[in-house]
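Whole structure, please, built from the sequences with the hints as guidance.
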Amino acid sequence: MLSAGFIRIAAILVALATASGARAEEALVAVAANFAGAAEAISTQFTQATGHTLKITTGATGKLYAQIVQGAPFAVLMSADAKTPARIEAEGLGVSGSRFTYAIGRLTLWSSDADRIGLDPNPALTAPGTLNIAIANPDLAPYGVAARQALTGLGLWDTVQPKIVMGQNIGQTFSMVDTGAAQMGFIATSAIDAPGTQPRGSRWDVPQAMIDPIRQDAVLLLPGKDNPAALAFMEFLGSDKAKDIARSFGYGTE
Amino acid sequence: MTLPDLGPVWLTLQLAAVTTLVLMLIGTPIAWWLAFTANRFKPVVEALTALPLVLPPTVLGFYLLVIMSPRSPIGGAFLDVTGTTLTFSFVGLVIASVVYSLPFTVQPLQAAFEALGRGPLEAAATLRAGPFDRFRTVAAPMAARGFLTAGVLTFAHTVGEFGVVLMVGGNIPGKTKVISIAIYEHVETINYADAHSLSAMMLVFSFVVLVMVYTVNRRYPVGGS
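Just so you know, the protein sequences line up as chains A and B, in that order.
Note that the working numbering has the first sequence beginning at 1, numbered continuously upward.
Note that the working numbering has the second sequence beginning at 255, numbered continuously upward.
Honestly, the hints are just simulated from the structure, not real lab data.
C-beta atoms are modelled at their ideal positions from N, C-alpha and C, and glycine is treated no differently.
One should not assume that every hint holds.
Said to hold, decoys possible - To be clear about the criterion: a stretch of chain B counts as covered by chain A if any three or more of its residues have a C-beta under 8 Å from a C-beta of chain A, and this derived list gives those stretches: (1) 299 to 305; (2) 311 to 324; (3) 335 to 349; (4) 438 to 450.
As structure tokens, then:
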């Protein structure tokens, strides 16, 4: 038999939940692989702030797009570029007007060897000991486009052509440099600046003025348009709290 | 319909041919040893040769990247001798493919050698045939089916390779950009037309190869000659 006390407490809880309208919901969020770590951190804060929970799927933006076209039940897409969310909106797969830039990717020329890269990147890039320079494939990844712009800006794109090797995404590019297979490469700053990672190797941060901003946009997808958790998350993602986390992972924000 | 860039197709065929040749040379003694040895470490060697079947290609590719990196003793020595890196080169791809396709050579050959049994070889020995002579004139012709199966499977498996070459190759046109990477790139850039035509070529190729293997297997039953 239920005690009177238990019933009273239960009644109060039900009243509280109804009054605040905060029934905890869940949303499925598709996140570009380069932002996975930051997204986990933002998700934790989001759950603390709202009670809603997120389930995060990470992958290359192109693959996530293909899954969305095929009817994947994602509520939100956090893309690695601005092009894909725009396309999704244009194709009627997303809620129009929901797009915004949640982070701006930064690019760093990095070597896992200390002292290989100095203040001026040109001697390092052209040194005979630099046999391979890894970049993300510019046809596939926004970070690859930015790497090409950086090398063009340095006046070295043609010179270093024979040294260029390409990763299919920025994560694979990082592993080429991290293992020393390529002596240096243009990687996402977030790969080496995430909270808790030890600084190592040598680096040159590409000035933002040298490259077009790597805008990473989010868009609310059709399966999420009536999901309170998804709507709340889109709002949270634009908040200063979320932007602080993105910055702590080495991203820029607007 | 216009044809997609056929460079990757040509490169893939070269890679598969070289890999098959190399594997026939090093896979045959391994399979021979495995078929006839009584060594207690046989299961360990068998497990090692089968590992590439089980490991996810990206894991294998990552380890190969580490081993072939100029920073490792092997990759470093290669760089010192040749002046080029093992990673991101055709030679590197061949080595990676040899590791990746090893079980597809060793296992059919081992099965074929085991099916021979010791009898015919011992008979040849009593007729004073030397070891190499016994292999060339007795074992090899009797195991012809095994050689064909091993060769065809190794070739086909190398053609279909993706995860390993993706990690080790670096996607350099004419050097390491093979057909599977070209298809992947077409899909990712939403260039489905070229992806379809290259995929169709691979599908037809794989089907023909498998039909060939099964036809040959039916025509020459085990141990037959």
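Each hint, compared with the structure:
Coverage of the segment 299 to 305 of chain B by chain A is violated in this model, with 0 residues showing a Cβ closer than 8 Å to a Cβ of that chain against a need of three. Given a C-beta distance limit of less than 8 Å, the hint that chain A covers the segment 311 to 324 of chain B holds, as 6 residues qualify and 3 suffice. Residues of the segment 335 to 349 of chain B lying with their CB closer than 8 Å to a CB of chain A number 4, which satisfies the three-residue condition for coverage. Only residues whose C-beta sits within less than 8 Å of a C-beta in chain A count toward coverage, and the segment 438 to 450 of chain B has 6 of them, enough to reach three; the restraint holds.
This entry does not satisfy hint 1, going by the numbered hints stated previously; all others are met.
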